[in-house]
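Peer 1: In case you want the letters, here they are:
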Amino acid sequence: MDSDNIEQLLEKYWNCETSLEEEQQLHNFFRGGSIPESMKDTAELFRFFETEKNKSLKENFEPAVTKQLRQRQGGKIISMVSFANIARIAAGILVVVVATYFIRQEVRKAYPQEAQDTYTDPQMAFEETKKALLMISNSFGKAKKEAGKMKMFNDAEKKIQTKQSAEKARI
Amino acid sequence: MNLETFQNRVFPVKNKLFRFAFRLLGSSEEANDVVQEVFIKVWNGREQLEEIQNMEAWCMRITKNLSLDRLRQQQRRPTDSIEKGMHVQNETKSPHDTIEMTESMKRIGELMARLPERQRQVMHLRDIEGYSYNEIVEILEIDMSQVKVNLFRARNAVREKLQKINAYGL
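Listed in order, the protein sequences are those of chains A and B.
Numbering (the numbering used here) for the first sequence: 250 to 420.
Numbering (the numbering used here) for the second sequence: 760 to 929.
Worth flagging that the hints you see were computed from the coordinates, not collected in a lab.
Positions of the beta carbon are idealized from the N, C-alpha and C atoms, including for glycine.
Hints may be right or wrong, so weigh each one.
[As the list claims (entries may be wrong)] Simulated restraints on C-beta separations: (1) B/M814 <-> A/Y350: 45 to 51 Å; (2) B/N761 <-> A/Q274: 48 to 54 Å; (3) A/V344 <-> B/E869: 56 to 62 Å; (4) A/N334 <-> B/G804: 20 to 26 Å; (5) A/Y350 <-> B/N761: 46 to 52 Å; (6) B/G804 <-> A/I352: 49 to 55 Å; (7) B/N761 <-> A/A340: 35 to 41 Å.
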């Protein structure tokens, strides 16, 4: 393409009247070697456009993004906000469970459990129970005997009291 | 849509998304993060993907929105860090060519970065990515006359500044 045509195209270009195809022709022209001195500035600008068009992302971009997308493939993503809420509730439950465990341990230490059943043979257990009950019964018997003595004292006291009141009345 | 279909349909536009995000943010790291975010967003909404007519334009629109959100959050101008991004990979030029061209490329990059946001967006989409006016309307969600006015102003502003720099070294 000769310089006159290029001049005309450039005029259209500055007025924003060129089509994409015409602009491509300009790009092709300025990519070539023989650029007139008068078009040096414009050539610089078109070279800039070409250079900019070749800028690209780093090579590791695609694998990194693919990895991220794969993680999200399962469907809905749990947002960080809801995850934080779940974590908060879980931490609360954990604290309650741990606290309950330690309090129970403390309570057990403070109030040890009563003697546990040591007999496996029912007959033996029966004999032992009988022995214990007899012992209680004997104690009750003894207590009754002693209480009998107390009654004797009471009776004697009453007799004295009646006698004294009778004498007072006579006087 | 499964992952393989997604990779075949959406992944090929990754560099276009990256360049657009970079143009808006001026940082390759942030542009990289935005593209990742776009892909995750599109993947999460993959059920609706079949209904979208121009998927590429749709992804570009998400890229624009996410980039602008970031800019608003940071409340800073992208021109501050435009030079930081100059190390971004260049696939076709040899190291020798790159060194030779760096100065003029850097200068034009700075000129473009100083353009008003809308002009910069339109110029990038048309002159670097080669989108049609209709596609630009769809991506930027503005009307055709605005696209043309902004492109006209952008091209002529860069042209004038470039002429001044080359003529007077300004």
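Peer 1: Need the list of violated hint numbers for this structure, in ascending order.
Peer 2: 1, 2
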